[in-house]
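Protein chains: 2
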Amino acid sequence: MSVGIVEEQSVTFATDLRLESGRILGPITLAYETYGRLNAERSNAILVAHAWTGNAHLAGRHGEDDPKPGWWDAIVGPGRLLDTDRWFVICSNVIGSCYGSTGPASINPKTGKRYNLSFPVITVRDMVRAQALLLDHLGIDRLLTVLGGSMGGMQALEWATQFPDRVRSAIALATTSRPSPQAISLNAVARWAIFNDPSWKKGEYRKNPKDGLALARGIGHITFLSDESMWQKFGRRYSARDGLFDFFGQFEVERYLTYNGYNFVDRFDTNSFLYLAKALDMYDVAWGYESLEDALSRVAAPIQFFAFTSDWLYPPYQTEEMATTLRALGKEAEYHLIPSAYGHDAFLLEHETFAPMVRDFLARVERG
Amino acid sequence: MSVGIVEEQSVTFATDLRLESGRILGPITLAYETYGRLNAERSNAILVAHAWTGNAHLAGRHGEDDPKPGWWDAIVGPGRLLDTDRWFVICSNVIGSCYGSTGPASINPKTGKRYNLSFPVITVRDMVRAQALLLDHLGIDRLLTVLGGSMGGMQALEWATQFPDRVRSAIALATTSRPSPQAISLNAVARWAIFNDPSWKKGEYRKNPKDGLALARGIGHITFLSDESMWQKFGRRYSARDGLFDFFGQFEVERYLTYNGYNFVDRFDTNSFLYLAKALDMYDVAWGYESLEDALSRVAAPIQFFAFTSDWLYPPYQTEEMATTLRALGKEAEYHLIPSAYGHDAFLLEHETFAPMVRDFLARVERG
Numbered sequence: 001m002s003v004g005i006v007e008e009q010s011v012t013f014a015t016d017l018r019l020e021s022g023r024i025l026g027p028i029t030l031a032y033e034t035y036g037r038l039n040a041e042r043s044n045a046i047l048v049a050h051a052w053t054g055n056a057h058l059a060g061r062h063g064e065d066d067p068k069p070g071w072w073d074a075i076v077g078p079g080r081l082l083d084t085d086r087w088f089v090i091c092s093n094v095i096g097s098c099y100g101s102t103g104p105a106s107i108n109p110k111t112g113k114r115y116n117l118s119f120p121v122i123t124v125r126d127m128v129r130a131q132a133l134l135l136d137h138l139g140i141d142r143l144l145t146v147l148g149g150s151m152g153g154m155q156a157l158e159w160a161t162q163f164p165d166r167v168r169s170a171i172a173l174a175t176t177s178r179p180s181p182q183a184i185s186l187n188a189v190a191r192w193a194i195f196n197d198p199s200w201k202k203g204e205y206r207k208n209p210k211d212g213l214a215l216a217r218g219i220g221h222i223t224f225l226s227d228e229s230m231w232q233k234f235g236r237r238y239s240a241r242d243g244l245f246d247f248f249g250q251f252e253v254e255r256y257l258t259y260n261g262y263n264f265v266d267r268f269d270t271n272s273f274l275y276l277a278k279a280l281d282m283y284d285v286a287w288g289y290e291s292l293e294d295a296l297s298r299v300a301a302p303i304q305f306f307a308f309t310s311d312w313l314y315p316p317y318q319t320e321e322m323a324t325t326l327r328a329l330g331k332e333a334e335y336h337l338i339p340s341a342y343g344h345d346a347f348l349l350e351h352e353t354f355a356p357m358v359r360d361f362l363a364r365v366e367r368g
Numbered sequence: 001m002s003v004g005i006v007e008e009q010s011v012t013f014a015t016d017l018r019l020e021s022g023r024i025l026g027p028i029t030l031a032y033e034t035y036g037r038l039n040a041e042r043s044n045a046i047l048v049a050h051a052w053t054g055n056a057h058l059a060g061r062h063g064e065d066d067p068k069p070g071w072w073d074a075i076v077g078p079g080r081l082l083d084t085d086r087w088f089v090i091c092s093n094v095i096g097s098c099y100g101s102t103g104p105a106s107i108n109p110k111t112g113k114r115y116n117l118s119f120p121v122i123t124v125r126d127m128v129r130a131q132a133l134l135l136d137h138l139g140i141d142r143l144l145t146v147l148g149g150s151m152g153g154m155q156a157l158e159w160a161t162q163f164p165d166r167v168r169s170a171i172a173l174a175t176t177s178r179p180s181p182q183a184i185s186l187n188a189v190a191r192w193a194i195f196n197d198p199s200w201k202k203g204e205y206r207k208n209p210k211d212g213l214a215l216a217r218g219i220g221h222i223t224f225l226s227d228e229s230m231w232q233k234f235g236r237r238y239s240a241r242d243g244l245f246d247f248f249g250q251f252e253v254e255r256y257l258t259y260n261g262y263n264f265v266d267r268f269d270t271n272s273f274l275y276l277a278k279a280l281d282m283y284d285v286a287w288g289y290e291s292l293e294d295a296l297s298r299v300a301a302p303i304q305f306f307a308f309t310s311d312w313l314y315p316p317y318q319t320e321e322m323a324t325t326l327r328a329l330g331k332e333a334e335y336h337l338i339p340s341a342y343g344h345d346a347f348l349l350e351h352e353t354f355a356p357m358v359r360d361f362l363a364r365v366e367r368g
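Heads up: the protein sequence lines correspond to chains W and Y, in order.
The first sequence lines up with residues 1 to 368 when you count with this note's numbering.
The second sequence lines up with residues 1 to 368 when you count with this note's numbering.
Rather than coming from a laboratory, the hints here were simulated on the basis of the structure.
This structure is a prediction, so every number in the text was calculated from the model and none was measured.
Don't take each hint at face value.
[Unchecked claim] Pairwise CB distance ranges, derived in the manner of DEER restraints:
1) Y:P339 with W:V11: 28 to 36 Å
2) W:E320 with Y:G79: 42 to 50 Å
3) Y:P339 with W:E290: 27 to 35 Å
4) W:W287 with Y:P339: 31 to 39 Å
5) Y:S21 with W:R267: 53 to 61 Å
6) W:A300 with Y:S291: 56 to 64 Å
7) W:R367 with Y:L337: 32 to 40 Å
8) Y:K110 with W:I107: 37 to 45 Å
9) Y:G79 with W:L329: 31 to 39 Å
10) Y:K110 with W:K202: 41 to 49 Å
11) Y:E293 with W:L329: 48 to 56 Å
12) Y:K233 with W:A286: 19 to 27 Å
13) Y:P67 with W:K202: 36 to 44 Å
Ideal Cβ placement from N, Cα and C applies to all residues, glycine included.
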């Protein structure tokens, strides 16, 4: 069942945040939504962390006429995987984003102008520190679990390593302890596409630099799909509107990238896109530690990992390495490799496959 | 041993060419080089076909001071794999390119101006038809072999299927019967990067649109390498010149793409790049036939295929499919899968690995 009509909330913290870079960011606002009820013991809270271009609107609708439910509505609601009859589910928009939380498009109170490139470079660790302020605000000491895919999975890992006492478990899907140079290089050309757009103006645009941002997003879509899913979805079909020998004629896959790229321009801020891309590339769970072992030795809670066979952005071997390392350290780590043609996007689409395993895992965590 | 000092030659044909698109292209000029001597029987000719941005300068140097030998010098020369003491080796620049053959940057004799986008869309089949005119010009009826990697491999396949009587064998490396939608999509975003550059001016630039072309080439480099080779070459190292928290700071892999991208601007015409990218994407050995089987049933000569384990642009399964299909048709087809971390570029780098197999294959072909 759907959670029904929901409302976005927002909180601004009194405390500034010292970032990994050493810079201070504040005041910080976080947009968030919650579903279900916090119990008297405040022990039934689940945090869902979103990916690169996600937002706090995880489930339900913002009004009767809202045409689209939240981004992962399928798993949140009464009787659904994250059962809001039992659990209190929270989703907050990360700092650096443009959906209500403090990011480069926010007004810097010190100058009265948008931060733009004066916004500090942030890391996934910084995002999670800001979320910890939100938990304080909600009076939640410890999460039943923190769950997320892709950049959301990185946040789950940061919760497990940076706040080991505040999570009873973590569930990380389609993620990595650190993106490979191939993944970095694909974000690098996406950045470059934006830098090349004269209307970007080093971040001082009034309107999104649409050609650069659309291309950057188009490149992203290549990494979200897979060779397999592209064969299934498009094959080598040529657009029916174009002649095969037209210079500007397009393959179907090309039209898909163009269409989705330009669609994105209306819904995401270019500078936010760049800051979050950088946070993704820089992500390393072992940042500041001697090694992956050293970082993961901080973990206290059991972690459940899911990887997807056709995910070439954060390939399964990277997830498996974390599970293996945790187990070698005597920690509880589950690793599930899900056969899927959907590529990186699989984590949003294969919930029927992984739901039973998540359900079992959470039942075990609750039993303690 | 090196072939020494060589000279580029050029020929302009009297005949126009009817292209796959139905359009007529002419007059056509081809730039080419030859090494070794054609024997009295004219039976010892080998054609080497180049890849996307290659040229006719396969081996040797253009003068005593020439700092760099031809692009595949390592395999051509007295005593080398393509032994110029025994064989007459030819390499010609494809039509559509910008290294001496007729392409979009050539002057259209009908208008006295550069073709630019009035140049017709060409296919790999058209390139090979133009090469056939060169063989006629050189008085060569039949090739001992035609060898090439990537787009060069596609040309080898076209020789084997379109001119089955004119080749005694073919050797195709790191190629495909048709690029996958993933490969197409990576070229699509490269094209898009150029279209976005205002200085491209729909092809009517005076100087290469450098930012667009450099980015397009940067995207290409991602597809030429592999996840594995990027780990080996760059890992996640951050440029020593940049601060980790600089907004414009770069990873080493990012600097590599930028550096090679901008280097390319001085050596290749943007419109040529676009026309050849389109020819690559449109390539389908079965174009005009019922099926792959139908197309390959035309083959008369033995074909030797090489694929490379980490080549994700034209993955091994695509090569294997051709070999399997040929064998099912009762044709002679060898398939070698070479373990290599170099990705698509492996075909230029792993010659020591495949040389013995090519040598054996050519010996068998010569014995007949």
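Cross-check of the supplied hints:
1. Y:P339 with W:V11: 28 to 36 Å: Given range 28 to 36 Å: violated, Cβ gap about 55 Å.
2. W:E320 with Y:G79: 42 to 50 Å: Because 48 Å falls inside the window, the suggested range holds.
3. Y:P339 with W:E290: 27 to 35 Å: This hint holds: roughly 33 Å between Cβ atoms.
4. W:W287 with Y:P339: 31 to 39 Å: holds, 33 Å
5. Y:S21 with W:R267: 53 to 61 Å: violated, 39 Å
6. W:A300 with Y:S291: 56 to 64 Å: holds, 59 Å
7. W:R367 with Y:L337: 32 to 40 Å: Distance hint for R367 of chain W, L337 of chain Y is violated at roughly 49 Å.
8. Y:K110 with W:I107: 37 to 45 Å: 60 Å Cβ-Cβ, so the 37 to 45 Å window is violated.
9. Y:G79 with W:L329: 31 to 39 Å: violated, 57 Å
10. Y:K110 with W:K202: 41 to 49 Å: holds, 45 Å
11. Y:E293 with W:L329: 48 to 56 Å: holds, 54 Å
12. Y:K233 with W:A286: 19 to 27 Å: Holds, since K233 of chain Y and A286 of chain W (Cβ atoms, about 21 Å apart) stay within the stated range.
13. Y:P67 with W:K202: 36 to 44 Å: The hinted range 36 to 44 Å holds for P67 of chain Y and K202 of chain W, with Cβ atoms some 38 Å apart.
The structure is inconsistent with the numbered hints 1, 5, 7, 8, 9, although it conforms to all the rest.
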